[in-house]
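A.B. asks: Please take these sequences and the hints and turn them into a complete structure.
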Amino acid sequence: MPIKSEPVEVNIGPQHPSTHGVFRMVARIDGERIVDVKMVVGYLHRSMEKLAEERTFTQNIPFTDRMDYLAAMTGNLGYCLSVEKLAGIEVPERAQYLRVIFSELQRIASHCMATGAFINDCGAWQTPVMYCFRDREKVLDLFEMTCGARLTTNYMRIGGVAFDIPDEFLPALDRLVNDDLPYRFEEYEQLLVGNEIIMMRARDVGVVTPEMAINASLTGPMLRSAGIAWDTRKADPYCVYDRMTFDIPVGYNGDAYDRMLIRIEEMKQSLRIIRQAVHQLPDGPHKTDVPLAIRPPAGEAYSRVESPKGELGFYVVSDGGPAPYRWHVRAPSLINLSVLKEMTVGQTIADAIVTLGSIDINVGELDR
Amino acid sequence: MINDTGIVVAFYILAATTVGCALMVAFVRELVQAVLFLALAFVGIAGIYIVLSADFVAVVQVLIYAGAVAVLMTFAVMLTPAADRKNSSTAFWAPAAVLAGLVLVIIVFVSYDTNWQIANRPQFGATAAALGEALLKPYVVPFEVASVLLMTAMVGAIVLTKEEEGEDA
Amino acid sequence: MIMALLTIITDNWWDIRDLSNLSHEIEKLIGDANGPAWLIYVVSGLLGAIGIVSFIGGVAVINIWVERRVVGRMQSRLGPNRLGPFGLLQPVADAIKLMQKEVLMPGTASGLIFTAAPIMFTVPGILLMAVLPWGRNMTLASLDVGVLFLLAASSLAALAVFMAGYSSDNKYALFGSMRVIAMLVSYEIPIVISLLGVVLFAGTMDLQGIVLFQEKYWAFMILLQPLAFFIYFISVSAELNRTPADIAEAESEIVGGYHTEYSGMKFGLFYAAELINAVVVSAIISTLFLGGWWAYKLDEIVPGWMIYIGKIYGVYFLFVWTRGTLPRFRIDQLLAFAWKWMTPMAILNLILVAAEVLVWDESGWSAGVMIPAFVVINGTLAIATVYAFMRLLAPKFERFPTALRFYSNIDVPSLPATADGAARAGTQTV
Amino acid sequence: MPDILLASVPLEHVLLLGGILFAIGLFVALSKRNAIGILMGVELMLNAVNVTLLAFSRYVVSPRPLDGQVFAVFVITVAAAEAAVALALAVSVYKHRETLNIDEIDLLRW
Chain A
1 MPIKSEPVEV NIGPQHPSTH GVFRMVARID GERIVDVKMV VGYLHRSMEK
51 LAEERTFTQN IPFTDRMDYL AAMTGNLGYC LSVEKLAGIE VPERAQYLRV
101 IFSELQRIAS HCMATGAFIN DCGAWQTPVM YCFRDREKVL DLFEMTCGAR
151 LTTNYMRIGG VAFDIPDEFL PALDRLVNDD LPYRFEEYEQ LLVGNEIIMM
201 RARDVGVVTP EMAINASLTG PMLRSAGIAW DTRKADPYCV YDRMTFDIPV
251 GYNGDAYDRM LIRIEEMKQS LRIIRQAVHQ LPDGPHKTDV PLAIRPPAGE
301 AYSRVESPKG ELGFYVVSDG GPAPYRWHVR APSLINLSVL KEMTVGQTIA
351 DAIVTLGSID INVGELDR
Chain B
1 MINDTGIVVA FYILAATTVG CALMVAFVRE LVQAVLFLAL AFVGIAGIYI
51 VLSADFVAVV QVLIYAGAVA VLMTFAVMLT PAADRKNSST AFWAPAAVLA
101 GLVLVIIVFV SYDTNWQIAN RPQFGATAAA LGEALLKPYV VPFEVASVLL
151 MTAMVGAIVL TKEEEGEDA
Chain C
1 MIMALLTIIT DNWWDIRDLS NLSHEIEKLI GDANGPAWLI YVVSGLLGAI
51 GIVSFIGGVA VINIWVERRV VGRMQSRLGP NRLGPFGLLQ PVADAIKLMQ
101 KEVLMPGTAS GLIFTAAPIM FTVPGILLMA VLPWGRNMTL ASLDVGVLFL
151 LAASSLAALA VFMAGYSSDN KYALFGSMRV IAMLVSYEIP IVISLLGVVL
201 FAGTMDLQGI VLFQEKYWAF MILLQPLAFF IYFISVSAEL NRTPADIAEA
251 ESEIVGGYHT EYSGMKFGLF YAAELINAVV VSAIISTLFL GGWWAYKLDE
301 IVPGWMIYIG KIYGVYFLFV WTRGTLPRFR IDQLLAFAWK WMTPMAILNL
351 ILVAAEVLVW DESGWSAGVM IPAFVVINGT LAIATVYAFM RLLAPKFERF
401 PTALRFYSNI DVPSLPATAD GAARAGTQTV
Chain D
1 MPDILLASVP LEHVLLLGGI LFAIGLFVAL SKRNAIGILM GVELMLNAVN
51 VTLLAFSRYV VSPRPLDGQV FAVFVITVAA AEAAVALALA VSVYKHRETL
101 NIDEIDLLRW
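Chains as they are written, first to last, in our numbering: chain A, 1 to 368; chain B, 1 to 169; chain C, 1 to 430; chain D, 1 to 110.
It is worth saying that the hints were derived from the structure and are not from the lab.
Wrong hints could be hidden among the right ones.
[What the hints assert, rightly or not] Only pairs whose alpha carbons sit at most 30 Å apart, straight line, appear in this in silico DSSO-like list of lysine-lysine:
#1 B:LYS86 to B:LYS162
#2 C:LYS97 to B:LYS86
#3 A:LYS38 to A:LYS50
#4 D:LYS95 to B:LYS162
#5 D:LYS95 to C:LYS340
#6 C:LYS28 to C:LYS97
#7 D:LYS95 to C:LYS171
#8 C:LYS97 to A:LYS341
[What the hints assert, rightly or not] Quick look at which bits of chain D chain B covers, simulated, 3 or more residues with Cβ under 8 Å:
#9 15 to 28
#10 81 to 90
Owing to the predicted nature of the structure, the values given are computational and were not obtained by experimental measurement.
For glycine and all other residues, C-beta sits at the position ideal for the given N, C-alpha and C.
C.D. replies: Pasting the structure below:
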């Protein structure tokens, strides 16, 4: 007969070093084991979907920056794609290539952050975060060079991108993509992939089975770690992704370690895509002329992009006015988080933190 | 005789602290606090041992009692539910107090009544090597018996706390 | 030139190679002035105590800077560099900030224990410093049972941690303190057994005696006892709450562990005591395994205590290094590591040492033959056991395929999607 | 020089200390409701005995004065073993009876 102990309710969050924002996880803990988890979201709710109904379509672009502030470019892109689909706007070739380049750069920046923060949740004392931030900074430097902002870029526009790239951008990108980052990613692999402690901490932790993944409609690295080959860039190509050759890394076990491997591998694949896109980058305008207060015809449109966290979808309904009638975001952070309970119950607290870190949520996008 | 001034002062301070801590063990309300005061009393007793020129025993006292037994006790206390962590007394506290008082009186009487043959010897100095000699030469049989006893205690503790297989969880 | 200098300073009170000359001079002054005998004790005790406390205070202040700078360098950033030259005044600013802060105490905390815990956490470190030999004649309290004293005093710190965690009345703090107790129970055993090997070799528990043993046979104990060093280093870093074993204050899991509720200077004491304990443990390691103040012929020219401080900081750098590089273990993995590997290996090491000492004593062969032989045998054993652990005993992940699959094309099912949940086939490229 | 500096500790005072500790230990062991509390009392009594043993070893005429310390070491050994077994018993009893209140553990069986 085991010792009967009283489960204790522990609030992990909203103020906790590793909840990645103001996310709250109410865990019932029996000893070190978790018996129940309740997720409490909404601490960062800013009512963006409602606010957007009062603003014009162009004015809504900054909201998408502030949803997933670690991947602003893909947020911008997804929203602009949905409005373009609704209004039937053709986007110039050059703009499409620029969009691909910037959303892949953003993927690298976001995955750097996710990997670093994940190892930090495993308990490394800030070192991997610092290494990953070092490389993320270089990507953000390129953003700053192009659009003046590092985090909330507000770069994509309906009908193209806000600015053409400056002259010094392509040499800098070439240095980064060909000389710098490949060695950095090698370094990550050497430091992280064979690391026994990380294996012990992340292997068989936070397992997602394919059934769970499909039932909960997970996307992104979460889905791919479960062994299901799915990527919006391949399944429903947008921009010029159908002209790029790249591979989708897919895991076997669905655990936290696989997700880390997939993120590192995806960063490498992003480099591949960027090289091809730079090689094929055509001349031409970077933006079609679209009225600032665009009035798409009445109707609805849904478009999706593969954001670093998963499938980011934007559903826009227009009644013919200057502002969307209804705007809804399919936030991958929220949907990926929905399996947290199944993943963590039965694990220790330490494992739960690792699991949460491996999901790579962003509370700005989670609560919107 | 103990007649170094510093040691005399140290003895009375340590004795007062130890007795105070022991009384706190008896009268403090929380069991965990009682364990912590007990640990403090153990450390005070170790100081008394140093005064009595038994440095090896003193260090062993700190290591075993303050380091291990007190920790084990806190562990056991934490295994019990919060409601049971009271240091309350049973209804027998009054007879127990009387009995303890009687024992004290007897001890005091005996110790003051007996004519002790006091040897005027100096401090023992380093005792570890001499104790080792004593343990392995004249007292080797008790030493081995003690090791068997520790082994038995270990096995017994494991058997007692082992989760029996087949029993429902 | 050096010899001339040495003749000038030898046996004079300004011979800083051995600060005991200075205290002897003071004792002589008191004796000449017909001072009472107890005054000599009090004065020499006070001198040593002041020396040690000021060293510890200085260490606590300087190491804030050292640790942050070194870790900063490892993390490819600068570390504190604003206040004063190279940021050297940063600890002062930190201390002022901590002193100014309000000392909060939870309303439901048990006040006496809550207040006593940081003090009790700090004291053992200072106690330990008192018995360490700083030079040939420089030991404040020469204990015949020095090694036992080290073990006894260092085990007290865990009780202080438990007091802090329990009295805070905070769930995170309670988790931290329970983890400390569990870890102490497990790691005390390999620590004791690994140090037993050292004691067996040296034949004494006196710390000065262990240093003199190393001097006599011209071999650092780490050469004779590599496995014991390895075990002691890992176990003690677990006891020190440093990564990879800082589960008691695992920041990403249980916020601050036992010191979650502490603020102001009470927290400052915990913070300082952690640095102090790290330095004290480095000092213990340099005494027991690295020769203490002795370094072949170097200690005849350079003051022994300077060599000692150099060694302390060398070992301390190792601690900072592990802290800056390794992620944390989970508590069950850490305990399993202690019981399944460290303890058996420590016992194996102990048996081997006992056999070696017996052979040495009984055969009467000269140390010149025996010591190199022991170095070779024990070094081989250490390498073999570590290798065996890595190859045989380490947790295996073979049931998990490590590699990833790569798909260049994926099949997009027509809606509605099949719900069979099987892995979707695609065109696999690799 | 003041008189206090020439003071000494008589044997009776050490024995008195041991006696007081023993009495407190006895009281704790007899009166506490919690099994762990009783164990604490027993430990205190053992320590009191040790104080007495060491006092005799220090003061009293004997051909082998260190025997008292050897005895103390044995007492500590036995006390450690006893603490381990007693705590295991406490945990075991708690597993079966879900209480450590000795008033309720009165069936003389599991």
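A.B. asks: For each hint given before, does the structure comply? Return the numbers of the non-compliant ones in rising order.
C.D. replies: 2, 6, 8
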